[in-house]
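Let the sequences and hints guide you as you build the complete structure.
2 protein chains.
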Amino acid sequence: MTTTGKQLFTTLESDGTLTVAIEDVSFPEPTDNQVLVKMEAAPINPSDLAILTSAADLENAEYSNGKFVAKMPEPFNTGSKARHGQKLPAGNEGAGTVVAAGDSDMAKALVGQRVACVPGSAYSQYCIADATMCLPLGDHSVEDGASAFVNPMTALGFVENAKMDGQNAIVHTAAASNLGQMLIKICQEDGLELVNIVRKADHVDLLKGLGAKHVVNSSDDDFMKQLREAIDATDAFYGFDPIGGGQATDNVFKAMEQVAVSKMTEYSRYGSNQQKRMFIYGRLDMGPTILTPSYGFGWTLSGWLLTPFLANAGMETVTRMRQRVLDNLTTTFASSYKTKVNLEEMLTKEAVLDYRAMKTGEKYLVTPHS
Amino acid sequence: MTTTGKQLFTTLESDGTLTVAIEDVSFPEPTDNQVLVKMEAAPINPSDLAILTSAADLENAEYSNGKFVAKMPEPFNTGSKARHGQKLPAGNEGAGTVVAAGDSDMAKALVGQRVACVPGSAYSQYCIADATMCLPLGDHSVEDGASAFVNPMTALGFVENAKMDGQNAIVHTAAASNLGQMLIKICQEDGLELVNIVRKADHVDLLKGLGAKHVVNSSDDDFMKQLREAIDATDAFYGFDPIGGGQATDNVFKAMEQVAVSKMTEYSRYGSNQQKRMFIYGRLDMGPTILTPSYGFGWTLSGWLLTPFLANAGMETVTRMRQRVLDNLTTTFASSYKTKVNLEEMLTKEAVLDYRAMKTGEKYLVTPHS
Chain A
1 MTTTGKQLFT TLESDGTLTV AIEDVSFPEP TDNQVLVKME AAPINPSDLA
51 ILTSAADLEN AEYSNGKFVA KMPEPFNTGS KARHGQKLPA GNEGAGTVVA
101 AGDSDMAKAL VGQRVACVPG SAYSQYCIAD ATMCLPLGDH SVEDGASAFV
151 NPMTALGFVE NAKMDGQNAI VHTAAASNLG QMLIKICQED GLELVNIVRK
201 ADHVDLLKGL GAKHVVNSSD DDFMKQLREA IDATDAFYGF DPIGGGQATD
251 NVFKAMEQVA VSKMTEYSRY GSNQQKRMFI YGRLDMGPTI LTPSYGFGWT
301 LSGWLLTPFL ANAGMETVTR MRQRVLDNLT TTFASSYKTK VNLEEMLTKE
351 AVLDYRAMKT GEKYLVTPHS
Chain B
1 MTTTGKQLFT TLESDGTLTV AIEDVSFPEP TDNQVLVKME AAPINPSDLA
51 ILTSAADLEN AEYSNGKFVA KMPEPFNTGS KARHGQKLPA GNEGAGTVVA
101 AGDSDMAKAL VGQRVACVPG SAYSQYCIAD ATMCLPLGDH SVEDGASAFV
151 NPMTALGFVE NAKMDGQNAI VHTAAASNLG QMLIKICQED GLELVNIVRK
201 ADHVDLLKGL GAKHVVNSSD DDFMKQLREA IDATDAFYGF DPIGGGQATD
251 NVFKAMEQVA VSKMTEYSRY GSNQQKRMFI YGRLDMGPTI LTPSYGFGWT
301 LSGWLLTPFL ANAGMETVTR MRQRVLDNLT TTFASSYKTK VNLEEMLTKE
351 AVLDYRAMKT GEKYLVTPHS
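Chains as they are written, first to last, in UniProt numbering: chain A, 1 to 370; chain B, 1 to 370.
By construction, these hints were calculated from the structure, which means they are not laboratory data.
Just to be clear, a hint being listed does not mean it is correct.
Each pair may be met inside one copy or between any two copies, as identical chains are not told apart.
Heads up, simulated DSS-like pairs for lysine-lysine below, C-alpha to C-alpha not over 27 Å straight-line [claimed, not checked]:
1) 185 with 163
2) 338 with 108
3) 213 with 359
4) 81 with 254
5) 71 with 254
6) 185 with 359
7) 67 with 349
8) 163 with 6
9) 263 with 81
10) 200 with 359
11) 185 with 213
12) 263 with 87
13) 225 with 81
14) 87 with 254
15) 200 with 185
16) 87 with 71
17) 38 with 338
In this text, all values refer to a predicted model and were calculated from it rather than measured experimentally.
The following block contains the structure:
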């Protein structure tokens, strides 16, 4: 029996025309270790926007029922050359009910269960997913489970990565995000120090309300002084930055170095011996990353992605992380949503402009069968 | 018996006044494992300029006999806050004759020998140096030995670092430098592939004359194409950049990613899985480093400094590297100089403006007793 339903696709042509549209499709039968999931809830995360909207001119796009067509400006169009002409699915993660399975025992055992999964095609009424990556939700609702993967595993991944690297403290820029709030709770549970950087006074109050000890506001005139004091108090020379563009990471490196230099007894032209480590894990700012020559040579900056981290961490660690997410799905790892939209509603001008702004605490949930 | 002589000092005041001047000083007696070296030849390397001139306005400085006074512009003055008011020696390395020693057997055994050393105060008629770090030059002249440390050990360090990281190929920006030419020979000897980036057609010819296989010219219109082809031919996803500012590293990351993506069978919004690694080991360009969001998240950029690298590499590796330098001091590791100056001559306007320009193949040698 062939399953049919609606699915979202995003296509960028070489002339910069971005078409995002709902189509009626037939889904393949699951084979081997695959399952077919009736997808009931899928969040729109910043990482989804990379192919859903990217830097397209959404103000001047053409919107029609279940479709928009927009222009991708340079240098983003040329930078996306590798996807030109390809019709891509979208939606990293979501939750739904397993309605069919391949031959493997693991896949067959999931039939009828609610699961969270990471199909890469979650903006769809049905998805093929790998049974190994499915997280059975037990009594939890699909809404509770829809964001069980990307944010929880990323926040846990930071803490795991920090521990692997022998660190006891982390700096987090854009710390008021859903993920940032999870990180505060994880660090509290695991006894790690955390320096939270936010850009609004409201967010300082929000995070202090969650018990965060060190919250600094990048909009304050004395931001750099606040940041140095927090780094000095925590010895945090290791951090994660979802902003990417501009000087978010540069400011952190500067403050780290100034703290390290203040503890040196003798001047060195090469700066301190304190190793400073930052990871860029998102691109909330799509401008270039600016690194000023003001913290010597003892620093390392990397891109950070969840999938290769998990592959390196190994199955035992990943299984332990998944179980921790499941055990705390409605507490530490709870996500909240501003609104729910179905597949057609998510492609209206009002919705697209709103979720592309990526405002803190205003996440959208897509419910493909509503 | 007290030894007296001339020594260069550099002082930056908090108001941005940089004073570089020769003074008559008394040198302490060497103790323990120290030796006193009569310094006969010391090169001016880019790394020395960090405290000798930095970004000071040398065109409008006041020059007098054995002295210049210049203004340090912002943001460099504030960025150098840690040295404000401190009178610093200068000159990383040099060669001379050991004239006195502390009590240790190692130090005493060096008396009367010509040695290369790394005192950090080589622009001086005498220096205190650590015997452990002295390289006895045997029959080699002080001129042959003056640059035996910084460039040779850095170039060897790149190759050692690449091998430790399992790499068989290196990209080098600003490859026509003295160090770049050493790196070409080392890579030939050790069977590593090397992609050389230069900015002049003359330099392409120069390096090809040394047997370099892959030389690309950043001034050519098709530079990025040349770079991609060289990376494709060598699988070099690992490199070293002495330019630091601007987009030298960014261009290399872009080309690496484009080569990696061209080999992928399926599009990924996150870019390739190819890890790309670059190190900034100098600041020929003191502007900010610009990293564009055009090569996914699979990249790491670090500052690289020789001293911490050697400390991590361990004594056995360092001893092997030093022996290799000594064995090939007039071939692989030969340095050439544009001109020789004494301590007073090195502080004339003509000399300062000339060596601060850091032109390829125009290194100065300071001979404090001439």
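Results for each hint:
{"no.": "1", "hint": "185 with 163", "result": "within (16 Å within a copy, 41 Å between copies)"}
{"no.": "2", "hint": "338 with 108", "result": "neither (35 Å within a copy, 77 Å between copies)"}
{"no.": "3", "hint": "213 with 359", "result": "within (24 Å within a copy, 51 Å between copies)"}
{"no.": "4", "hint": "81 with 254", "result": "between (35 Å within a copy, 13 Å between copies)"}
{"no.": "5", "hint": "71 with 254", "result": "between (38 Å within a copy, 24 Å between copies)"}
{"no.": "6", "hint": "185 with 359", "result": "within (21 Å within a copy, 54 Å between copies)"}
{"no.": "7", "hint": "67 with 349", "result": "within (10 Å within a copy, 68 Å between copies)"}
{"no.": "8", "hint": "163 with 6", "result": "neither (43 Å within a copy, 52 Å between copies)"}
{"no.": "9", "hint": "263 with 81", "result": "between (48 Å within a copy, 14 Å between copies)"}
{"no.": "10", "hint": "200 with 359", "result": "within (12 Å within a copy, 48 Å between copies)"}
{"no.": "11", "hint": "185 with 213", "result": "within (12 Å within a copy, 55 Å between copies)"}
{"no.": "12", "hint": "263 with 87", "result": "between (55 Å within a copy, 20 Å between copies)"}
{"no.": "13", "hint": "225 with 81", "result": "between (43 Å within a copy, 15 Å between copies)"}
{"no.": "14", "hint": "87 with 254", "result": "between (43 Å within a copy, 24 Å between copies)"}
{"no.": "15", "hint": "200 with 185", "result": "within (20 Å within a copy, 55 Å between copies)"}
{"no.": "16", "hint": "87 with 71", "result": "within (16 Å within a copy, 59 Å between copies)"}
{"no.": "17", "hint": "38 with 338", "result": "within (23 Å within a copy, 75 Å between copies)"}
Checked against the numbered hints above, the structure breaks hints 2, 8 and satisfies the rest.
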